[in-house]
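So the sequence lines, in the order shown, correspond to chains H, U, S and B. Start counting the first sequence at 1; every next residue gets the next number (my numbering). Start counting the second sequence at 1; every next residue gets the next number (my numbering). Start counting the third sequence at 1; every next residue gets the next number (my numbering). Start counting the fourth sequence at 1; every next residue gets the next number (my numbering).
Hints are not guaranteed to be accurate.
The list that follows gives simulated cross-link-like pairs (lysine-lysine, DSSO-like), each with its CA atoms no further than 27 Å apart [as the list claims (entries may be wrong)]:
{"no.": "1", "chain 1": "U", "residue 1": "Lys585", "chain 2": "S", "residue 2": "Lys284"}
{"no.": "2", "chain 1": "U", "residue 1": "Lys155", "chain 2": "H", "residue 2": "Lys350"}
{"no.": "3", "chain 1": "H", "residue 1": "Lys440", "chain 2": "U", "residue 2": "Lys541"}
{"no.": "4", "chain 1": "H", "residue 1": "Lys291", "chain 2": "U", "residue 2": "Lys627"}
{"no.": "5", "chain 1": "U", "residue 1": "Lys540", "chain 2": "U", "residue 2": "Lys156"}
{"no.": "6", "chain 1": "B", "residue 1": "Lys73", "chain 2": "U", "residue 2": "Lys627"}
{"no.": "7", "chain 1": "U", "residue 1": "Lys540", "chain 2": "S", "residue 2": "Lys55"}
{"no.": "8", "chain 1": "B", "residue 1": "Lys209", "chain 2": "U", "residue 2": "Lys627"}
{"no.": "9", "chain 1": "U", "residue 1": "Lys540", "chain 2": "S", "residue 2": "Lys282"}
{"no.": "10", "chain 1": "U", "residue 1": "Lys540", "chain 2": "H", "residue 2": "Lys291"}
{"no.": "11", "chain 1": "H", "residue 1": "Lys440", "chain 2": "U", "residue 2": "Lys155"}
{"no.": "12", "chain 1": "S", "residue 1": "Lys54", "chain 2": "U", "residue 2": "Lys541"}
{"no.": "13", "chain 1": "U", "residue 1": "Lys153", "chain 2": "H", "residue 2": "Lys350"}
{"no.": "14", "chain 1": "U", "residue 1": "Lys104", "chain 2": "H", "residue 2": "Lys440"}
{"no.": "15", "chain 1": "U", "residue 1": "Lys584", "chain 2": "S", "residue 2": "Lys282"}
{"no.": "16", "chain 1": "S", "residue 1": "Lys54", "chain 2": "U", "residue 2": "Lys577"}
{"no.": "17", "chain 1": "H", "residue 1": "Lys291", "chain 2": "U", "residue 2": "Lys609"}
{"no.": "18", "chain 1": "U", "residue 1": "Lys26", "chain 2": "H", "residue 2": "Lys440"}
{"no.": "19", "chain 1": "H", "residue 1": "Lys440", "chain 2": "U", "residue 2": "Lys24"}
{"no.": "20", "chain 1": "H", "residue 1": "Lys291", "chain 2": "U", "residue 2": "Lys617"}
{"no.": "21", "chain 1": "U", "residue 1": "Lys153", "chain 2": "H", "residue 2": "Lys440"}
{"no.": "22", "chain 1": "U", "residue 1": "Lys156", "chain 2": "H", "residue 2": "Lys350"}
{"no.": "23", "chain 1": "H", "residue 1": "Lys291", "chain 2": "U", "residue 2": "Lys155"}
{"no.": "24", "chain 1": "S", "residue 1": "Lys284", "chain 2": "U", "residue 2": "Lys584"}
{"no.": "25", "chain 1": "B", "residue 1": "Lys209", "chain 2": "H", "residue 2": "Lys93"}
{"no.": "26", "chain 1": "U", "residue 1": "Lys540", "chain 2": "S", "residue 2": "Lys54"}
With the C-beta cut set under 7 Å, the calculated list includes, among others, these residues of chain H facing chain B [claimed, not checked]:
{"no.": "27", "residue": "Asp61"}
{"no.": "28", "residue": "Leu133"}
{"no.": "29", "residue": "Ala136"}
{"no.": "30", "residue": "Trp152"}
{"no.": "31", "residue": "Ser159"}
{"no.": "32", "residue": "Phe166"}
{"no.": "33", "residue": "Glu190"}
{"no.": "34", "residue": "Gly318"}
Because the hints were derived from the structure by calculation, they are not lab data. Just so you know, these numbers come straight off a predicted model, no measurement behind them. A virtual CB, placed ideally from N, CA and C, is assigned to each residue, including glycine.
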Amino acid sequence: MLEFSVLILIPLIAAVVCYLIKSIRSQYVISLIVGAFHLLFSFIIFIGLYKPNLPFFFSTDSLSKLFLLILSNVYFWVVLISFSYLKRPVTLKAQEGKKYYFLLLNFYLFANTAAILSNHFGMYWVAAEATTLSVAPLIYYYRNEESLEAMWKYLFLVSVGIAFAFIGILFLTLSANGTIMEGQQLFFSEFVKNAAKLNPVWLKASFIFIFVGLSTKIGIAPMHSGDVDATSNAPSPIAALMSGSLRITALLGVMRIFQILTPTSSYEFAKLILIIGGLLSLIVAFIFMFKVNNYKRLLAYSSVEHLGIITLGIGIGGLAFAGAMFHTIYNSLNKMVLFFTAGNIHSRFKTREVNGVSAVINLMPWTGWLFLLSFFAISAIPPFGIFFSELMIFRGMLFSDKPWILAITMFLLLFIFINMGRTLFQMLYGEKEEKNIQEKESFEIIHFAAIVLLILLIAIGIISPGILQENILSISKDFGIRL
Amino acid sequence: MDTLFYSLLLQLSSIAAGIFFTEKKKSSAASHILLLAGLITGFIAALTALINSDFTLKDIQMFGISNNLFRFDALGLYFLCIIQLVAIPTTIYSYSYLKHYIEKGKSVRSNLVFYAVLLVSTQLVVVANHAIFFLVCWEVMSTSAYLGMNFEKGKKEVQTGSFYYLVMSHVVVFLLYIFFFLLHNQTNSWLFSDFHLLSGTGDLFIVLYALSLIAFGMKAGFMPFHFWLPRAHPIAPTVFSAFLSGIIIKTGIYGILRTFQFLNPAPEWLGWLVLAVGMISAVYGVWYALAQHDIKSLLAYHSVENIGIIGIGIGIGFIGSAYHSIPIQILGFGGALLHTLNHAIFKSLLFVGSGVIYQNLGTRNIEQMGGLVHYGKYFVVLFLIGSIAISGIPPFNGFISEFIIYNGFFTTAKELENYYPLLMLISAVGLAFVGGLAVACFTKINSIMFLGKERKEVKHFKISFYEYLSLGIFALLCIVIGFYPQPFIGVVNKVLIDGFVPAAPSSSLLNINWQLLSIIFITVIAGIILIYLWKKSIQKKYGRRISTAWGCGYEGLNPRMQYTASSYADELNEISKSVLGYHKKVIAQNDIFPAKGSFESHSDDLVDKKILLPVFKSFSEFIARIKFLSYTDIRYYIAFILIIITIYSLIAFLWS
Amino acid sequence: MELTSILQGIISLVLILGLSPLFVGLVNKQKAIFTGRIGASLLQPYYELMKLIKKETINATSSSFISAVTPMINFIAVVIAAAMLPISFAHPLISFEGDIILFAYMLGLARFFQVLAAMDIGSSFEGMGAAREATFAVFAEPIFFFTVGSIAFISGFTSIYDIYHSIRLDNLSFVVFIIVCSISVFILAVTECSRMPVDDPNTHLELTMIHEVMILDNSGIDLFLYQYSSYIKLFIYVILEASFFYPFAVQSYTLGIIIFLVVIFILSAALAAVETITSRFKMKNIPHYLLFATAIGILNLLIYTFTR
Amino acid sequence: MQNILSILFCLSLFYLAVTPRVKAYVAVLRFQGILLTILLMVPFVEQFSVFAVILPATLFIIKVIIIPRYINKIILELDIKRTIEPTIQQFNFLLLVIFSFIVIFLASSILSLTTNIETIPFASGFAAVTVGIFIIIFRKKLIVHVCGFLVLENGIFLFGTAVASDLPIMIEIGVLLDVFVVVFLMGIALNRISSTFEGFDVTILRRLKD
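One chain only, chain H, in its complex shape (with noise of 0.2 Å):
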């Protein structure tokens, strides 16, 4: 019960809280203090210091729990630079946007938790829609145009699309029928232990439908839109919070219905379309680089991108899914600190277009040098540690049984990292412009957060702690991997 209330319940009360003081820095306090508790309580069943056993929808196996454990983590970096984030000058209609924030926030860690520990599908479903419902109006918070249209499209979208989802899990319960599941409740636990006499046709049937629903919230082409909208108009925090654990969230629905279908005779026809989600999503991406003038619009697709390559390595199995898991940590790190700087170049240039921007490295050097650093992270150079997961996924395609995919992915990837490079060098290079000559910028919280995250991307990488590794080989067995 205690797990319960630290991770489910407290956050929902603090939602309450905040909506009842009026005082945006005791609600940061509060906000922070949940956020603090969560991350440490998740980290400890991580580690399995705890054994939860929680009531009635909820669960825990190995890949709920690394996945919670990414959430707690960004949410708590979002949480700690939010305040310092909220203190800068907005339009006078986005101050009320202040009152809000952080009541979301603590909905969102709510609901998002709920989604993640949920053993239920119907409960995971409810818990995914209310975290979409809890991010819109953050996505909002700027009160302008673009913004209001971001979230009009994100809201339509994700609703129309994790309607879907429920006429997949309809689908689920259909598949049931004439077995032993013949109107049981929606256990996924139940599910994957006879999941071999499941009806396979409307097991691809509901698989199809769960994996476009939820497309619309990982963001795998070409339901992509309405996401890249929402993440590059949002501001940064939420897009770090988006692209850091929302994305997952979504990813672990797919994840779930795939892992029932691991033993069926549907497996390959599941992989198959994994793959073709992953390589369309990389092909959006490599096409958007060529044309994108907004970094944000940019890290949105490199999002898209990354997300693509896990749902990929998912897609080939083996080495290339525990890649796929290392990848889905990495990249939640390495998505913070992106948006984070990012955030700080916004502010201090009034603009996202990539033209209105340069010389970032000399008028703000801590930014531009962490934002350089990001860059590289990002497109897997070491020691950071997207690396060795693409390094794993890379080995996985190539002696898998389709290589020519590795071929494919990697002219793809080639010309991503082509384009994003040209484009941000762009802004960070050059010389100073008179306008742009101002005091240069102090040490703030978020670039203590961006070099703190930063090592632990280096640091994972390299030492690559034990009960992480255990952690992922258990989820591959999970997945009928044998490592």
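Given chain H's structure and the hints, the job is docking chains U, S and B onto it.
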């Protein structure tokens, strides 16, 4: 081996010194001292290990802990020695180089940090034994080099040039991934020391060779892949461009040699391929160089040339290995290895020299120089030594390695009868041709930069002690290797016997009559001195005076009447203008009162300007024209869901 | 190597150094005779050299230490090259495996400094000469390798002495090969020593000259060194040419010497004849001329390799 | 009984396909809400339990009372033009709808051979989903999009009853609440849009592009 690791730590500590000293001068001094200390200790350790040939292959004790990350075999140690040997004077120069910027009040912190990282990672690359560890060091090396290049971030060409380099190394590392994956799959071990198990020529064998030659060849800058050198070298700060073309491109050579260790014997056609590629790189590298006016890009093209010469040596070695002939392999690889060392030395010398000139005159265009000999006599002498050495002219080190390669040709012709003499002769002629072009090129830059009258008046031309020191060390090395090559030959021989030639120590390298050579060279010097004395006495007797140059009766010659670099090289460039992309722009009208005319000549790199850029441009235009998925309307978003679901359902339907 | 061979070497070196001006005198004399003049005496070159030594040395204002050291380096390099050449069956002073490379590169060293010294003056005339010298040298070196070098590659010997004495006349195609080789060596000699039709040492129109124009601004001892080394260089090539015919003397010194002298005489006549009947080429045609020589070399080689 | 209700449901969909007025959409939504409520009441004919009333009650409140009112309120406040703005002719739209109906009914009847499902509710639910999507795709007005989304939701609900999944009450209610909040947020967003942009159709949402 601990000493080596301690030395590396010492070098790393320089980073801390660079960062934490607030006062710029202090910080730079401190970090340079630490670097030097580290390098020198490391060099001594490595050299002793190499000479005493205690090559511990596995279980390196690192601070007492045994690990298999590292491997100190002869090849690795040899390259390690080269790196440290070249790095020492470069670091000395770096100090005075950065002093200029510090005086200008520019922050040099980043430069210090990246230089140290670059040094350490490069040293780790050549002793790494674990493939993943190698890749990590490799990437860190490339990235730090990239970051170091971007010292003057403001300039556009700096950004593009360095970006070329970054992209190149990204491609390289992608290829290396596959290379090592395949090797790992074959030997299921990540250790270099286990890799050379597999042999025999299957398809995989060829694939592996192709991968490694393309990847490492790209790094080394062989001809089709040379495009990045003339982009990256000129824009990098001198210290980095010296290190880049002195050392980093040699890591490519290192990789190729390692590959040969893994997979040997090499098939013969491969030997011919490498030989041909090397020859093309050598000839066109130097020919492109002849067409340049920017001193640094000229030197960059000369790196292509010298890499080509090394490639020729490697090619000979491959052929030898295909025929299991020890002498050929010894001479081929020996020439390649020694030339690697030599080129590292004199190319760094020349780059440092060009850096000194750039610091003083503020331009890299040699057309605007001239008459510098009257300002810095000794500097010119040092630079001249480098130039003679790089043109492979006796009595300096360049000649020694080319001599070995020529001997390789001869031996190949002798060992393998029938049509080989012809082919070898043609290769020899090619090498001679390269030599001729190199002479033309270096007479050009030396005479245009240093001799005659100054074309643009020289404000100040000062050379600090440190610059003289580092140049002096380099020049000394050139001279020593030239006049007394025996010990170096011995070391190279040892490396070959340890790493390349399985059979008993064959000494076709030592057979060459080195004593006689050095005697001859010494006679040359002695003779010059004797004649000098005689000449002095004669001149004392019959007098000597200075007067204006004989202009065929025409008084008032002025500097602008001198031969320029373009006019000097024009005749040669005309011959292969199509390849060089050599084109001239003349503006002059011939009426009675001629107005101000102008002339300029340029050369566009074939691969870069004619292939890469247009292809990329048209490709991106093509992509930009794709409207696929680029809708802004929510209704399309929704429609996509429906469409994709139908597609997936169809797949599902067709599945069973 | 034992004492006698050293003695032989020294003697032949001294011979080369001593006779080289005489050869030039010979050529000039014959030229004069062909053109119906009496001409200067055979020893004229010696007189000129003597005279040059006694002259005052004048250096241009813009010149540097380069033009001071170059004459000496030039001279030494040529002498070293000369020391590798066999006269008859006498063992040359310097002879080791691969000295053919050293030979070529010693001449290269000489050229390098020659060109630098020319550019050192900073006058456009010398520049012109230097540029031409550098350009033509690029094409001259391959010819050397296609002739002497080709024999080296075929015979497997890499020392000039052995190369020449490996020539056997029992094989007809080889004889043909040798003869054609000698032709292209002649062309090489003409080029390297800047005689007609590549260069005209006698006109004093700077625009048309290569070698002469490079040493315009030298006088006295410097000019002496230049001239002398150019004489030696010419003689070196003559010896290269002559050595082709040693095999006719079946291992006998005297016969060898006789052949040597005869060939020298014939060559001087040939040079004189060429210089009287032909006129200088246009500068831009010279590369073609050299390429033609190279082509001969290649063709010759191909014929030989495939008729063996 | 269930089938009759489903047929009615389908008829309402056809009506949606032809009607040009926004108000009609709201009416249809309300009608469908009532249908669904009745559908949930059906089991009570056998045995009645107070606990089971909660779900139909909430459904009735949300889908029949609150949401339609809310939408009407928005329409009044923003005085949106009363006609929907179709992008294709109603006739073609109707054809499309009929076509999809045929496909769906055929498919579901084929599927019902393998597994036991009540074909008619299943098919009509699915048809509702498709029609909802079509409405969103082929209409310009944002408010109509919301209606389309709601039709889609109703379809899913009907569908859910068809596949006889008895989800636990609180999850069902959670679903309903989610839907409600979505609509609520959409309403707020519409208000904002009306205040920031002029007009209410998607053509104004073209700002975000690459």
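Problem - Hints not upheld, ascending by number - result: 3, 5, 6, 9, 10, 16, 27, 33, 34
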